Amino acid sequence: MTSGPVFFYILILGKYFLHGSGQDVKCSLGYFPCGNITKCLPQLLHCNGVDDCGNQADEDNCGDNNGWPIQFDKYFASYYKMTSLYHFETRTSECLSHFFLFITLLFLVPHYPHSLLLPPYSVVGSVPVPCLCRGLEVDCDETNLRAVPSVSSNVTKMSLQRNLIRKLPPDGFKKYHHLQKLYLSHNRITFLKPGVFEDLHRLEWLALMNNVLTHLPDKPLCQHMPRLHWLDFEGNHIHNLRNLTFISCSNLTVLVMRKNKINHLSENTFAPLQKLDELDLGSNKIENLPPQVFKDLKELSQLNLSYNPIQKIQANQFDYLVKLKSLSLEGIEISNIQQRMFRPLMNLSHIYFKKFQYCGYAPHVRSCKPNTDGISSLENLLASIIQRVFVWVVSAVTCFGNVFVICMRPYIRSENRLHAMSIISLCCADCLMGIYLFVIGAFDLKFRGEYNKHAQLWMESIHCQIVGSLAILSTEVSVLLLTFLTLEKYICIVYPFRCLRPKKCRTITVLILIWMTGFIVAFIPLTNKEFFKNYYGTNGVCFPLHSEDTESTGAQIYSVAIFLGINLAAFIIIVFSYGSMFYSIHQSAITATEIRNQVKKEMILAKRFFFIVFTDALCWIPIFVLKFLSLLQVEIPGTITSWVVIFILPINSALNPILYTLTTRPFKEMIHQFWYNYRKRRSIDSKGSQKTYAPSFIWVEMWPLQEMPPELIKPALFTDPCELSLISQSTRLNSYS
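Under our numbering, read the sequence shown as residues 4 to 740, first letter to last.
These are computed hints drawn from the structure, not numbers from a lab.
Some clues are possibly wrong.
[Claimed, not checked] FRET-style restraints, in silico, Cβ to Cβ:
hint, residue 1, residue 2, range
1, Ile389, Ser686, 31 to 39 Å
2, Phe579, Glu533, 37 to 45 Å
3, Arg682, Arg451, 44 to 52 Å
[Said to hold, decoys possible] Cross-link-like lysine-lysine pairs, in silico, BS3-like; alpha carbons within 27 Å at most:
hint, residue 1, residue 2
4, Lys506, Lys532
5, Lys507, Lys372
6, Lys372, Lys42
7, Lys288, Lys262
8, Lys315, Lys264
9, Lys301, Lys278
10, Lys315, Lys326
11, Lys532, Lys456
12, Lys326, Lys372
If you're wondering where the values come from, they're calculated on a predicted model, not measured in any experiment.
Positions of the beta carbon are idealized from the N, C-alpha and C atoms, including for glycine.
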């Protein structure tokens, strides 16, 4: 770090200390006190931009200023108060001495406290030309130095950051007995020789960030630096910390070891650090924490263990950290998480997890992050009111539409029962999606206002697993049935003279195979927890849309095989088939000059095909894109997942009844016939002859033979879709318009 005026930061931090903690006020779990008044508020009102307490207490302490900001203020406030009074800077050959600085201050500030009297050392002397000198501070950042420069021994701070230094000679700092701050960050230092810092008895800050150190000296690091307060080794390649490493660092208050390769901690590694205020071990390779590794850190206020592959945390791991205020466990899958882990941390005000659902295990902590995954929040399974409304609307539309079609299909008097059987199967599959949404809405109501207490148990419950399986079953069966129906139409229209007659046995076999495939795909993840982990429990809606970091390799491959394998292939087949069908009918209509209004019929057909393909694309293309992005390790916001699951995914399930039944010619003819019969009964006594109603040419197989006019009986003999396609090219236009 380079020096400069930082009193603005100090003023900001000052507000943190002025605010009362309110620890004397007792609030129930999930609530926090409004300063020192007796009012308590729920966690969700903390730092929401509104003065809910009435005294601004709920809007104070929003930032996490624990750890190094407090130490920075404590040790350097007086220092910057003094140095901000002068702005002497030079690139010339000499720097100010302490004596000259003192004389200058006497003239500038006659009443400056005599306690600041400094010993009259000699002038700092010459410094390398690219370096800057500020008082007794030498700044040689980004000057392409390859070795430690030689300057006068009076310097108190030396900054050698972003240079090309590879080695530190044993006697490189021998004469700098007054050095208090040493910055060697962003160099290429690979090794620290024993005794390299043994002459720096007054050193308080040592920063060696972003070098290539692989290990620390075998001897105690602070053996000759008893005043060391701040030690930063971030961004190196250090593999382990020994019991002797910090044995003499009794005054150390900040220790930063993040972004190294530490894979092992001994139980007594941090035992000498009884004044330590911040310990940062984030982004290392630590898999196990010794049970008593933090037992001597009684003054610790901030602990960062985030992004380590920690397999398990002991229930009493943090019991000794009675003054801990900030705990970071981001990126850690805590398989055995429980409230017992965090209950002793009564002063904890900020906690950070990988999943917001973990916040339910620390309800007494005022600020818990993340507080939502985009789908759910601490209070509700469905975070947004729009989600909560639409989950019921979409569920009702999907269930009603498909049940209505299932009930009405028997009244369509078609002798092609095989096609009707496929449509009923499709409606049953789509109904499962409506049931899935209904269950999600029901559990959202059940957990309303207290979801954080139930989140983890819900996502691991058998209910969530079964509901997620139903959603995948609905999705896969629907996709396969749509593909089957599309291929059946494609063969009959594009190859009318070569199509095989769809027999009952073959159709039933295909439908059974489709449902069996759907069941296998949906329920296989429930059979092997070790292989698939919590496949359906990665979010509150129990739908495995994209890969999570916690997924096993097998689960990721399985998810990709479903979404980018089966479903993508089915979508391509559907688009290709409908495109070929429309082209074939268009070409046939051009050659059939006897057909009237062929352009109008082609437009009707084009619209129908367009909406079928468009709804499929609207549903599946976003899912394909999300799945592909997840493979590229692109972070996908949870809000996008919620939109896909609640709004986009059910599109096909809700619209399939409309596209494949309610808007088709047979259904319209049936409604017209019902209306005709109703009017006929009402007008039996009316005068005049009744106009005979006859269905369209292609759909006469809907009606009983005795009700059909004689001239329509002959075409009614063609009951197979493929045979009907042989009647004429114009017939094919009618059949899909």
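Results of checking the hints against the structure:
no.: 1; hint: Ile389 / Ser686: 31 to 39 Å; in the structure: 49 Å, violated
no.: 2; hint: Phe579 / Glu533: 37 to 45 Å; in the structure: 40 Å, holds
no.: 3; hint: Arg682 / Arg451: 44 to 52 Å; in the structure: 50 Å, holds
no.: 4; hint: Lys506 / Lys532; in the structure: 42 Å, violated
no.: 5; hint: Lys507 / Lys372; in the structure: 58 Å, violated
no.: 6; hint: Lys372 / Lys42; in the structure: 24 Å, holds
no.: 7; hint: Lys288 / Lys262; in the structure: 9 Å, holds
no.: 8; hint: Lys315 / Lys264; in the structure: 19 Å, holds
no.: 9; hint: Lys301 / Lys278; in the structure: 8 Å, holds
no.: 10; hint: Lys315 / Lys326; in the structure: 23 Å, holds
no.: 11; hint: Lys532 / Lys456; in the structure: 24 Å, holds
no.: 12; hint: Lys326 / Lys372; in the structure: 20 Å, holds
The structure fails hints 1, 4, 5 (numbered hints given earlier, in ascending order).
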